[in-house]
Amino acid sequence: MKYNQYNAEEFLNDESFQSFALGHKEEDVSFWTAWIKEHPEKIVEVNEAIKILTAFSIRTINPEKEKFESDLQQLHKALNEQKELTKTIPIRSFRFSWKIAASIVLLIGVSIAAYQYVTYFTSKAEQVVVEKSVPGGKKLTFMLPDGSKVKLNGNSYLKYDQNYLLKQRSVTLIGEAYFEVVKDSINPFTVVSGAISTTALGTSFNVKAYDNENLIEVALITGKVKVVDNRDNSLTLNPGKGARYLVDGQQLIAYEFNSDEVLAWKDGIIKFKNASIDEVSRTLERWYGVSIEIINPPDQAWRINGTFENESLENVLNSISYTSPLNYTLQNNKLTLEF
Amino acid sequence: MSRENKEETLLKLYNLYYNELFNYGYRVAQNEDITRDCIQDLFLQMFKRASFNDIRDPKPYLIKSLRFIIIDVLKKNKKLLLTPNEPNWLLSAEDIQINNEIDEATGNRIKIALDTLTHRQKEIIYLRFFSGFNYEEIAQITGINNQSVRNLFSTAIKQLRKIMLPILLMAIDIQA
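Chains as they are written, first to last, in the working numbering: chain H, 58 to 396; chain U, 32 to 207.
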């Protein structure tokens, strides 16, 4: 029999011998136990091989029980969601582009002035677009399918694919929103806003990207995000750091921000710090859902500071008029400021 | 295969192999969160399959699939963000439990010996010693051919033997 000729190294490389030494297979264990008894002349080689194979064992890492339990529960939930999704019947005759559909629905949304407008388009079973839009003067807090929290500011619009959990966690934003992203190291979370996209694994951050402003701002509160523009310039942000994108100049620059100021909107606070008349009027339009016309606008040097917590428009205007005389008239959501 | 059957099978496999998958995944990813998320992903992907009939033996299949997913994620993360880790194989001094009969000097030698192995060799040693996969299964999992697995294992074992032999022989002498 060939085993008679084996040296220690050959025993080491023999699968069935390994299996015996490591106790993997019952049949190998009984075969080799018997064989060794019959071949005492090979004891030196056999012993050496066993010693090397059994010299060490590899440590088992035991995942924490609670983590296993919570993973198991999550899997249960995810499997159930999958079942729901696959039940959706595809409506093939209505396979128009969701972009066109979205614009139609947006028009309807505007005409009925819905506070919150959520739509599901079933163009294919796989693609379901969910849209949320908030008119001026309102705010909306909601949860994405993965449990991430979003607070949308006034005059803002956000859309995502209902299926996004299973593919990529990606949302598109016009306007301003604050995100608290649930951690998922496989699926990064991405906010696409105009020319830039912001990617995170699990963080909280604010994105301000109104389409009538020349500036897109990303402000990171916790965690880490990466901001990339459409020319592949990128910035990785740490907490307290922000990224500013100048739409005209197509420039991406880092800046430091004051989180009280950036996040004031989500707590119902208006903060003006060295604010220009343009900034003031845009903020008031968004906040109170009015459109503003300015007569005799002040010059570029005009700046204002102030904090308003859940104040009425009238109170805000009265305060401004203390430092900078102005008259105002409000009619049918049209506000006229005269300096 | 009905959805309920599939779900039941998957949850059974999950309970059965979670530990094995976690141990393997952790050594590839070197990150607990990534490992856990990838295991979830693996089972969600399994659920999308029409049936499991073509899977002969679930254990090597699951390990192999998890390996793909983790390496993909590591690549993606490296390109995208935070984790600079290459998919390299972690089997270090802390992973080795020295058997009771072996003294500290031998233990240290084993650790030195392990450090001389390549990532590939460490993975093969792990799959053979810890998980008990045979050469053929290891070839399937790692995507290298059967003969290469044998060669890699053989050179690894030779290396371990070379470094450990002096000490082992000493022990034998004392016994004699």
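Since the hints were made in silico from the structure, they are not lab data. Please note that the accuracy of each hint is not assured.
Straight line, CA to CA, 25 angstroms or less: simulated PhoX-like cross-link-like pairs of lysine-lysine [claimed, not checked]:
| # | chain 1 | residue 1 | chain 2 | residue 2 |
| --- | --- | --- | --- | --- |
| 1 | H | K134 | U | K37 |
| 2 | H | K323 | H | K206 |
| 3 | U | K43 | H | K124 |
| 4 | H | K124 | U | K90 |
A quick look at each hint next to the structure:
1. Of the pairs offered as hints, the one joining K134/H and K37/U holds, with about 15 angstroms between alpha carbons and a cut-off of 25 angstroms not exceeded.
2. Taken as a hint, the K323/H and K206/H pair is honoured in the structure, with Cα atoms around 12 angstroms apart against an allowance of 25 angstroms.
3. For the hint linking K43/U to K124/H, the alpha-carbon distance of about 17 angstroms falls within 25 angstroms, and the restraint holds.
4. Using a Cα cut-off of 25 angstroms, the hinted pair K124/H and K90/U holds, with the two alpha carbons roughly 22 angstroms apart.
Checked against the numbered hints listed earlier, the structure breaks none of them; every hint is satisfied.
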